[in-house]
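The chain contents come next:
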Amino acid sequence: MQVRVRLFARAREAYGRPDDVLDLSAPATPADCYDLLAGRSPALSRLRPSLLVAVNEEYAAWSDALRDGDEVAFIPPVSGG
Amino acid sequence: MTGVETRIYVAVGEQPLDMAGIAARVAHPGAGSIATFAGTVRDNHAGKPVAYLEYEAYGPMASRTLSRIAEEAATTWELLGVAVEHRVGRLEIGETSVGLAIASAHRGESFAALRFMIDELKDRVPIWKRETGPDGSFWIEGPELIKAAPADNDPS
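Protein sequences appear in the order of chains W and B. Each residue of the first sequence is one higher than the one before, starting from 467 at the first, in my numbering. Each residue of the second sequence is one higher than the one before, starting from 9 at the first, in my numbering.
Hints listed in this document are in silico derivations from the structure and should not be mistaken for laboratory results. There's no promise every hint is true.
Per label pair, the in silico range of CB-to-CB distance [unchecked claim]:
hint	chain 1	residue 1	chain 2	residue 2	range
1	B	Pro158	W	Pro508	11 to 21 Å
2	B	Pro68	W	Ser516	21 to 31 Å
3	B	Gly38	W	Tyr525	29 to 39 Å
4	B	His53	W	Asn522	32 to 42 Å
Bear in mind the structure is a predicted one, so any value in this text is a computation, not a measurement. Ideal Cβ placement from N, Cα and C applies to all residues, glycine included.
Generate the whole structure from the sequences, applying the supplied hints.
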């Protein structure tokens, strides 16, 4: 299955681009997506403890089951306002 | 007043914010109070000078989360209208980064809902600020300043 990943703020800078498309074999989770990205980017791998994850624009668990076409976002500590 | 539908307006974008326009969105003949809040760009943070801020958002999720927070406020207090706008992109000192307006029959509800909404916004909405000053650029993560990659327009 294919999922789109999006990275923001410090995670975007660490990975070097704002999004990517991953081919994964089911079953797959946001943690699997992150591991793939972190394997390509040591800078990103150090951010894991501070990141939250969202699936299809809703906060989600790292262990949630993904479906083909999902959008997975990695969310550093927010600082709006 | 039960069963009153709360009008909710949410926007995340690059346009400068107009507080009068945001307040006008919640105008209601049953309102006795319109409470507004403007978050503005301060020229210092953690004891250091700030030259400007850049805000980044996960736009669709930010809008969706703001709508949800507004709905939560509307279930807690009897609100006639909620309008919230957050700006993204580069903001100069003194500019408004977030604007909120809440209408209710009496002031207590709109004051309380206003405080709730800005606190929840800062806690949950996927928006980030990057601060630039004489020492470079930093991501703001709670109390922490994290050194950021140089901005395209940094003098260095």
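Range agreement (Cβ of W/Ser516 with Cβ of B/Pro68, hint 21 to 31 Å): 23 Å, holds
Within 29 to 39 Å or not, the Cβ separation of B/Gly38 and W/Tyr525? 35 Å, holds
Kindly confirm whether 11 to 21 Å is satisfied by the beta carbon distance between B/Pro158 and W/Pro508. 20 Å, holds
32 to 42 Å as the expected CB spacing between W/Asn522 and B/His53, which holds or is violated: For B/His53 and W/Asn522 the Cβ distance comes to about 34 Å; the hint holds.
The structure agrees with every numbered hint stated previously.
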